[in-house]
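Undergrad: Letter by letter, the chains look like this.
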Amino acid sequence: MFVINCPFCGEREQSEFKAGGEAHILRPKQPTELSDDEWAEYLFMRKNIKGIQFERWNHTHGCRKWFNIARDTSNDEIKVVYKMGEKPPSI
Amino acid sequence: MTKNLRVNTGKAIDETYRISFKFNGSTYYGFKGDTLASALLANDVHLVGRSFKYHRPRGIMTAGSEEPNAIVQLHDNSSRTEPNVRATEVEIYEGLEATSQNCWPSVNFDIGGINNLLSPLLPAGFYYKTFMWPASFWKNYEYFIRRSAGLGKSPTKPDPDVYEHRYIHCDVLVIGSGISGIMAAKIAAKNGFKTLLVDEKPNLGGSTIYQESNYFKINNQNSGSWLEKEINEIKKLKNLEIKTRTSVAAYHGYNFLLARENLTDHLPIEQRKGKTRHKLLKIRAKKVISATGSIERPMIFDNNDRPGILLSSAIKKYADFFGVACGKKNIFLTNNDSAYETTISLIQKGINVEAIVDNREEVDSKLLYEVEKNNVKIFKGYTVTNTFGYKRINKISIMQISNDGQNVLGSKIYLACDCLGVSGGWTPAVHLFTQSGGKLKFRNEDQTFIPNIYPSDQLSIGACNGDLTLDEILINTPNSLKQFFKIKNTEYDRLEIISSTNKSKRNIWLLPSDKVIGKTKSFVDYQNDATAKDIKLALREGFRSIEHVKRYTTTGMGTDQGKLGNMHALGIISETAGAKMGELGTTTFRPPYTPLTFGTIVGRNVGEYFDIFRKTPIHDFHVENNAEFENVGQWKRAWYYPKENENMHQAVQRESKAARESAGILDASTLGKIDIQGTDASEFLNRVYTNAWSKLAIGKCRYGLMLNEDGMVYDDGVTTRLDENHYIMTTTTGGAANVMGKLEDYLQTEWPELDVYLTSVTDHFATVSVCGPNSKKIVSKVIPDLNFSDESFPHMSFKNTKIGKINCRVMRISFTGEHSYEINIQANYGKSVWEKCMEAGKHHNITPYGTETMHLLRAEKGFIIVGQDTDATMTPIDLQMDWIVSKKKYDFIGKRSLYRSDTIRDDRKQLVGILTEDPNEVLEEGAQIIADVNKSPIEMLGHITSSYYSPNLKKSIALGVVRGGKNMMGQKLIIPMEKKNINVTVTDPVFLDKENKRLNA
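Protein chains in written order, with this note's numbering: chain A, 4 to 94; chain B, 4 to 1004.
Some clues are possibly wrong.
[What the hints assert, rightly or not] Straight-line alpha carbon distances no greater than 20 Å define the calculated EDC-like cross-link-like pairs of lysine to aspartate or glutamate that follow:
no., chain 1, residue 1, chain 2, residue 2
1, A, 90, B, 756
2, B, 289, A, 40
3, A, 32, B, 838
[Unchecked claim] Under 10 Å between C-beta atoms, here's a sample of chain B residues computed to sit facing chain A:
no., residue
4, 28
5, 695
6, 894
None of these hints come from the bench; they were simulated from the model.
Every residue gets a Cβ at the ideal spot worked out from N, C-alpha and C, and that includes glycine.
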């Protein structure tokens, strides 16, 4: 169980948070104009990397805010925590 | 006899405090400080159990948590009983009763012992090979296997003890209080770190604390006395907390550890009352220091499992610490210097040592010369080839080992003995280190795995780091600590050390024998009866991965997790397969390090705290009125209210009729309620619901359907426009938290530009729903000032009003199809409003109804329940709810998915009504729907999702999903059941009042 440094509350146990999948997948602004394949790409396709992965997390049992982290999936080390809307750091 | 085996110098023993206990029905005596094992040995009891598979007699082998054999069942006069407890860890107390396990009728005469004679028929993988076919016979085999397998007996009554969980945050956690752990704890605490020191044993000091030999000195005192002074000093340190009887079970990532603190198991039973038995400590440490020591290795030779064969280090501990001689005629088998250390201890205490059998040809060691001076015969270059004595060892045979270590030479010598100590060298206890994700490296000199790469801020010191001699520990530990804490010096930098430094060892994993391997019983895993022969067989049969060999032979899969024999298993695999040990790796070390009881794991989360539940403000009424409850999410909801001898069916029929004929009352407080405010609230609703919201007038309500982005129905509920920029949304009871989370997600991440604020107000309001033809009369009696005329207060509208002085919101909405009102009031007035409605409806037979009746009433109207009539594969189109999907809106969550190639298929499963040919036949929910019984294989078209007997329609009604069902109206289908096929017809899902006349009745 890891510790996450919530950008709004500080360090808290993982059990206070909920994972929200891969980060930086923007909902298309005009879904109706997409082909089935393009929409399916947005809807279903997610990365599953061994190594640094950018993820969305929500402090469900705290401030309820969403934010992003960069986590090394091989050892759960969290490299960076950053707010929604911020660009992914280069790692 | 007892006196003879007490050597009266035991450090841990208080001989003035005698304790009686029972083992297998006989009464014995021991002293305060004894473990069950030491007390039994003092009474010359070696035979304590039978092995798992062959039921061979087994004795105490070790003096610690690594014990594979001496596992017993503990009892007391109450409902307490605990299986699989290691006798080496049980501290005796007045009233202790223990029995052997895995034997019947007794440990002395065990019928299962016949398995030992049958052992040639029980090779590795026996069960897999024998009972696999014919597969249909498994249920017959299983009965017998289950009966003969298993260790202790689990308790049959609830655990009477109390357990707790506690979180601990510290700067430094030191695991193990041997000499290196004590040094680490002192340095950490003295350098300002908030430190926690834990040890699984009742006392501090590890194996050094009873070291009284002149061959091991620190600053001119023997090492035991030196350490005792250190321990007395650290006990005074302010920022050091010390916990004994505390075993670290698991070491997870981010330095999160679980430990079990044992608080009462050592106390006499009458002193345990009202006390917590175990605490599960959840430790989050900034830095962790593992000082977990090492475990002595046994040796693998023919019949190496007899009672009376112990680890050399265990014999030393029993003598030095507990003051018990394990035998009167001791012989040691060793491949290193440790057995000499033990021998010197025994000689000092006047315990007879007959001989030492040393695998090594040449040994140049101070300890050996000292032993020789005492006329102990030493057989250099010899090994034990066999042992004798069924329930206690009485003789061994020894032979010379060839130069290559593969064979035995010369003539066989027989030696009589009553105790054989074995020392195969030491295995660093790296279990916790590897659990944490640490990577090991293999050290060739003494064939050990030692810590190499640390995955977190942690350090291994002392024997668990491969420092196996006193001088290595004393020199390396302070140096490692200086680097770890980034400090310049420690008080241990200039110790004067006298230590025996001979590290020579002749490591032979499987000792040679004059017999072929097939004829030997050389145990590698004592508890699971896995032998060297089994491992070799597994390799012959083609297993190569150590993980596979482990599972096939069950090596290392007992309650001791192979703490003694796993290294030998690896060694034998590597030699047989010709692979290098370092490349082979180890099997995975999994938590817990030693077993935990379930009580410890669940802590206080038992009984009503096992799974917390939520009660509505009206809960007490339901209880007083005999309601049966249903769990919905975390809520306890009234399910139905049986009167007198009514069963569920009768109660539901009565409640349903009353609601349609006069008035029913439902506690709807559990429905999720989300308060939505902001200038973009309408736009937000447009985006999250399938229908349009911009034009909803203030004071009006609207039903909404919410989809997932994949187009599947997610939730539904009525939302009311309270003001220009203010809505209140209701959600399903079970979906409330998820809907809230989903809406927040979109607001924060996709549409941060929207000015919308969400607040969960589910618990803030109680909701009383009154329905039926007389509902208006009843509610207007409760709220006399409000105009209830249909013109002023039509269906799907709401009014702010007061009951007495208390504000409330009344919605005229309906889930039953009846004329009905929902009163929402501040939660703490909920019960009072409910009671007012009951009073006002007294003459109208107002009938409280539960969720079951609610489900029946809505099914009559064909209203769906999300999660019952839908799963995550139903679109609104599949539900025949096209009317609620806006064609005009440019976008809403899930819109694009409604015309993916998959969602526009005509043959998707679609919601329809199902009527049985026989109106009294009620279908089973979940029953399959087919068209043709003769087709092979039978084609499943769908299934029943809701089914009831409707007292209002006087017939059975059902909803179901059927492939292409929309176009099958009137078609005959079949519900195949175990005993018969039921004929049904596909119909419209609305069974009652299609014109919605009742809403305004």
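Undergrad: Taken at face value, is the distance from the CA of residue 40 of chain A to the CA of residue 289 of chain B at most 20 Å?
TA: Violated: residue 289 of chain B and residue 40 of chain A sit about 48 Å apart, past 20 Å.
Undergrad: Interface hint check: residue 695 of chain B, Cβ to nearest Cβ on chain A, cutoff 10 Å. Holds or violated?
TA: Cβ of residue 695 of chain B sits 16 Å from chain A, so the hint is violated.
Undergrad: Given a cut of 10 Å on the nearest C-beta pair, is the interface hint for residue 894 of chain B held or broken against chain A?
TA: For residue 894 of chain B, the interface hint holds, since the closest Cβ of chain A sits about 6 Å away, which is under 10 Å.
Undergrad: Straight-line Cα separation of residue 90 of chain A and residue 756 of chain B no greater than 20 Å?
TA: Holds, because 17 Å separates the two Cα atoms, which is no more than 20 Å.
Undergrad: Would you settle whether the hint for residue 28 of chain B is holds or violated, based on the nearest Cβ-Cβ distance to chain A being less than 10 Å?
TA: violated, 46 Å
Undergrad: Within a Cα-Cα threshold of 20 Å, do residue 32 of chain A and residue 838 of chain B meet the stated pairing?
TA: Outside the cut-off at roughly 52 Å; violated.
The structure fails to meet hints 2, 3, 4, 5 from the earlier list, while all remaining hints are met.
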